[in-house]
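Asks: Here is how the chains run, residue by residue.
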Amino acid sequence: MDLILSHINYWVAIALMMIGFYALIARGNLIKTIIGLNIFQASVFLLYITFGKVSGGTAPILQKNTELYSNPLPHVLILTAIVVGVATTSLGLALVVKIYESYGTIEEDEIAKLDAQEEN
Amino acid sequence: MSLEIYIDLILVIFLAITGIAVIYVRNLFAVAMLSGIYSLLMASIFVVLDAVDVAFTEAAVGAGISTILMLGVLAITGNREKVSNKSPILPLLIVICTGALLVYGTWDLPIFGDPNAPVHTHVAPEYIANTYKHTGMPNIVTAVLASYRGYDTLGEVGVIFTAGVGVLLLLSRRKTTNKLNQKSKSEDQS
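Which chain is which? The protein sequence lines are A and B, in order. Note that the first sequence covers residues 628 to 747 in the numbering used here. Note that the second sequence covers residues 2 to 191 in the numbering used here.
Check each hint, because a few of them may be wrong.
[Said to hold, decoys possible] Cβ pair distances, simulated, as ranges:
| hint | chain 1 | residue 1 | chain 2 | residue 2 | range |
| --- | --- | --- | --- | --- | --- |
| 1 | B | ASP153 | A | LYS691 | 25 to 33 Å |
| 2 | B | ILE11 | A | GLU728 | 38 to 46 Å |
| 3 | A | VAL671 | B | GLY167 | 21 to 29 Å |
| 4 | B | ARG174 | A | LEU689 | 18 to 26 Å |
| 5 | A | SER729 | B | ASN117 | 51 to 59 Å |
| 6 | B | ILE69 | A | ASP742 | 29 to 37 Å |
Because the hints were derived from the structure by calculation, they are not lab data. Beta carbons are placed, not taken as given, at the ideal position from N, Cα and C, and that holds for glycine.
Given only the sequences and the hints, what does the whole structure look like? Please build it.
Replies: Following this line, the structure appears as structure tokens:
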């Protein structure tokens with residue numbers, strides 16, 4: 628039980644990373660792919676924030692009568708990463724809209740079929 | 002201590018269930034809502050893990066803006082996901098192998114919340130000790146983001162600006178192309 632409690636966050640982060648990875652490589656729908664990318668990103672955030680936790684510590688906002696704070700540096704890194712993540716998501720979704728307007732579908736195999744027809 | 006670790010355990014299990022549901026559900030509107038729930042659960046876990054600023058951002062950006070963007074795109078493209086006839090065995094094999102390797106790597110990681118882990122002993126104590134002296138801000142995360150690493154944050158603004166310009170360029174060209182198509186169609190008819 629101690630082993631589970633001390634490692635569960637790492638394992639769940641890895642499991643989510645693999646779920647996102649699976650959605651990326653196995654699913655042909657472009658929106659599902661982007662959601663998979665989001666899940667992958669968020670799992671990395673979870674991993675970093677887990678590293679920053681100190682047991683018994685509080686949030687890194689200085690106050691009287693408190694000595695032990697969690698590590699603020701992973702928080703700063705992830706704050707930046709979240710905002711950059713939404714920038715990539717919005718760009719990806721704009722590309723999906725563009726692809727839908729040109730092909731009328733957002734399924735990878737149908738797009739490949741249309742491309743092959745055009746070449747012939 | 003023990004209570005917060007159990008809350009974390011429960012939330013993290015919910016998170017894993019939501020992640021699996023995202024893969025299984027075929028209705029894309031449901032998937033967009035599930036990804037919003039996923040971000041909200043993630044924000045709750047960040048609060049339990051003392052990362053309150055990150056939780057704010059994740060709740061606002063991840064659960065809010067991302068979901069709205071997703072719904073906006075789904076309104077244009079429709080919400081059906083085709084059942085693909087690709088075999089899932091090869092991707093599943095790759096994913097399980099990679100996951101097993103990563104889990105093998107976790108044996109060397111410090112145990113959860115260990116105050117003597119290398120992350121907590123190198124530079125972090127200096128920031129915690131000196132931030133108020135240097136910047137006069139009690140919130141260390143904000144102080145590092147806006148004061149110590151202010152230029153990095155400026156660079157981040159540049160990244161967002163680039164992404165915004167990219168989205169605008171991609172989406173603003175559709176009217177002109179539509180007009181071109183219509184023009185060529187009308188020329189064909191005439």
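Asks: State for each hint whether it applies.
Replies: How the hints compare with the structure:
Under the hint 25 to 33 Å, the C-beta atoms of ASP153 (chain B) and LYS691 (chain A), about 31 Å apart, fit the expected range. The given range of 38 to 46 Å is respected by ILE11 (chain B) and GLU728 (chain A), whose C-beta atoms sit roughly 44 Å from each other. The supplied range of 21 to 29 Å is met by VAL671 (chain A) and GLY167 (chain B), whose beta-carbon atoms lie about 23 Å from each other. As the Cβ distance of ARG174 (chain B) to LEU689 (chain A) is approximately 50 Å, the hint placing it in 18 to 26 Å is violated.
The supplied range of 51 to 59 Å is met by SER729 (chain A) and ASN117 (chain B), whose beta-carbon atoms lie about 56 Å from each other. Take ILE69 (chain B) and ASP742 (chain A): their Cβ atoms lie about 32 Å apart, and the range 29 to 37 Å holds.
Hint 4 from the list above is the single one not met by this structure.
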